[in-house]
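Colleague: Please model the complete structure; the sequences and the hints are all you need to start from.
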Amino acid sequence: MTRWGMAIDTDRCTGCGACVVACHAENNIQTVGEEEAARGRAMHWMRIERYYDGVFPDVKVRFQPVLCQHCERAPCEPVCPVYATYRTPDGLNAMVYSRCIGTRYCANNCPYTVRYFNWFDGQWPEPLERQLNPDVSVRPAGVMEKCTFCVQRIQDAEDVAGDEDREVRDGEIRTACSQSCSARAIVFGDLEDPESQVAQLARLDRATHLLEEVSAEPSVIYLRGGA
Amino acid sequence: MAGIAQVAKEQPIIAPLIGFRPKLFLGSLLTGLLVGVLFYSWGYQIVNDIGVAGINRPVFWGFYITNFVFWIGISHAGTLISAILRVTQAEWRRPVTRCAEAITAFALMIGGLFPLIHLGRPWLAWYMVPIPTGRGIWPNFRSPLMWDIMAITTYLLGSLLYLFLPLVPDMAILRDRAAKENPRSIKTLFFTALALGWRGTPQQWHSLEAGIRAMAVIIIPVAVSVHTIVSWDFAMAVAPMWHSTIFGPYFVVGAIYSGIAVLMVAMYLLRRGLHLEEYLSDKVFNNLGLLFVAFALMWGYFTFAEHLTVWYGHEHAEINVFNERISGDFSVFFWTMIVVNTIIPLAILPFPWGRKPLATAVVGIGVMLGMWIERYLIVVGTLSFPRLDFNVGTYSASWVEMGILIGSIGLFGFLYFTFVQIAPIVSLWEVREGEHIQHRRTQPTSQSMPVQAVSAGEEARA
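Protein sequences, first through last, are from chains U and W. Take 0 as the starting number for the first sequence in numbering that gives the first Met the number 0 and just add one per residue. Take 0 as the starting number for the second sequence in numbering that gives the first Met the number 0 and just add one per residue.
Since the hints were derived computationally from the structure, they do not count as laboratory data. One should not assume that every hint holds.
[As the list claims (entries may be wrong)] Facing chain W, according to a computed beta carbon distance under 8 Å, are these residues of chain U, among others:
hint, residue
1, Y104
2, A106
3, D120
4, G121
[Unchecked claim] What the simulated footprint calls covered on chain W by chain U, stretch by stretch (three residues with Cβ under 8 Å from a Cβ of chain U suffice, anywhere in the stretch; the number is not a length):
hint, region
5, 120 to 133
6, 383 to 390
Just so you know, even glycine gets a beta-carbon here, dropped at the ideal spot from N, CA and C.
Modeller: As structure tokens, then:
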């Protein structure tokens with residue numbers, strides 16, 4: 000069995016934001032504009048949270064990239080009345096856009112606040128609509144969305160591996176955020192494969208989860224507190 | 000029994016049903032305009048997408064869910080109070096039940112609109128209905144929203160039935176009167192249709208009373224379950240200060256509390272507007288006022304218990320929400336709620352002068368406001384402060400949400416004004432029956448008359 004997961008080394012993260020931009024480009028996420036962003040409608044499946052430790056002038060900034068944690072026991076899933084969000088056998092927390100009727104209950108019940116709602120239809124003024132990724136659907140207004148772990152890339156790699164009659168190799172799939180991270184802070188792979196890089200990182204002493212107290216059993220591992 | 004004196008006394012109830020009443024017409028017109036505001040705002044939102052409301056991330060639910068809980072809460076006025084009073088055979092209930100049951104029916108219809116209004120794609124709401132379609136997918140019955148649909152539909156159908164059953168003999172009375180004037184008028188046809196061929200035979204009376212008795216018993220657990228399930232929309236979620244076991248009973252008590260408040264105001268207005276002093280007497284206000292105090296105390300107790308445990312536990316995410324409520328961004332709302340929901344009611348209602356009609360209505364208006372604020376605090380107060388502090392948000396309602404809130408109040412008024420003009424707002428036969436029982440008690444030796452003879456059917460034969 001496969002269980003897709005991700006390790007994020009917060010000690011490596013420089014907070015540059017390349018992952019956020021790459022994610023927008025890969026996944027056709029709408030840019031809502033200044034005015035809407037000010038109203039709390041900005042959409043970033045991957046976001047860099049900034050926290051400040053200490054008191055001025057002795058301040059240390061911590062960067063924490065946060066995306067959908069693809070929880071094993073995802074609180075968002077049971078509350079959806081129309082099965083628009085559910086767990087796939089390979090450990091993804093999937094969204095079926097065409098089923099979504101927009102109750103937004105999933106977003107309220109997400110302890111990580113990583114779900115984003117399309118308040119309006121997206122706008123891609125000329126010629127930006129030409130850079131839309133043809134492998135990813137554009138979501139209409141009234142629909143919830145969130146990080147998919149670049150499911151289109153996963154499917155692509157699985158198709159190729161299937162054609163060549165082999166398993167997907169570790170490192171063969173790179174999510175857009177992982178690919179664009181110059182500090183190599185983001186590693187994606189199969190947590191069930193003990194040899195995979197992500198599984199090895201998950202065994203480190205520095206490995207932790209966000210908000211363990213909620214017991215959602217996330218698939219994203221944060222590495223922190225190292226030298 | 001149903002002689003000239005009786006008819007003269009019933010005149011204030013029957014008057015709005017015959018002839019043109021300028022005041023009532025004006026009321027219908029004004030509230031009708033507000034209904035226009037409701038549907039204009041909603042239409043605007045459907046055409047221009049849900050983004051025209053002020054909700055955002057992280058405050059995904061705002062006015063709409065607040066209003067939803069508020070209206071469903073109000074619906075607990077009628078049916079529940081009327082059912083409890085019927086089951087316990089409280090004699091003073093007779094003039095109150097009808098106007099209370101009407102509140103339930105209308106508040107539920109409006110409350111039921113809000114989950115639709117709040118959807119991102121309301122035209123797909125039928126995805127939540129368990130019907131076999133080509134989609135080949137069933138709704139998710141693990142979702143509290145599905146429980147809501149089941150509970151509210153059951154409650155709405157039950158309440159309408161419970162409102163309609165005791166209306167049948169009254170419709171027969173009106174049918175007989177209208178037929179005497181003009182047997183072919185629209186009014187006669189309308190009342191004839193709703194009277195379901197009522198003739199007042201002992202057999203019919205027997206069936207009707209059995210039906211009402213059964214519905215009164217059935218509707219009580221249904222009403223309790225409805226607001227418990229509404230509370231579970233919140234309590235089943237892991238959001239701070241939502242995930243609370245106390246929410247079920249807390250919401251039921253709050254619902255009945257807000258329901259009594261609306262009933263008080265409605266009764267006061269009916270009494271003033273239609274001159275029903277004879278029926279909605281000081282005694283009725285006094286008795287309901289006592290129930291009002293009891294619920295003020297219970298609500299205060301639940302609120303205290305809820306907040307004390309959160310404060311004592313001091314869990315990080317919860318205490319954030321708690322502090323914002325007590326002394327932060329939401330403190331104005333919180334303390335207003337405490338004043339209008341506990342301090343004012345407990346300063347006025349325990350005294351006999353505080354249970355006079357005007358006093359209870361004034362307290363009632365305050366409690367309506369306070370209970371709306373309570374739901375706003377629960378919805379927006381929690382959602383503004385998510386567990387990851389980076390995502391703290393603010394919310395302010397847009398004109399669309401304001402329009403829909405005001406419009407929903409207008410819709411309630413409109414339905415009520417209409418109801419007063421098509422059905423007796425005080426149950427004629429139940430009051431007559433009560434007077435008959437009273438009469439029999441005071442003159443035990445006189446030849447007692449079968450109860451059914453005092454009402455409809457008899458009048459037609461006479």
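Colleague: Decide, hint by hint, whether the structure agrees.
Modeller: Going through the hints against the structure:
1. Y104: holds, 6 Å
2. A106: Because about 5 Å separates A106 (chain U) from the closest Cβ in chain W, which is inside the 8 Å limit, the hint holds.
3. D120: With a closest approach of 7 Å, the D120 (chain U) hint holds.
4. G121: Since the shortest Cβ distance to chain W is 11 Å, the answer is violated.
5. 120 to 133: n = 6 at 8 Å, threshold three: holds.
6. 383 to 390: holds (count 6)
Comparing the model with each earlier hint shows a violation of hint 4 alone; every other hint is respected.
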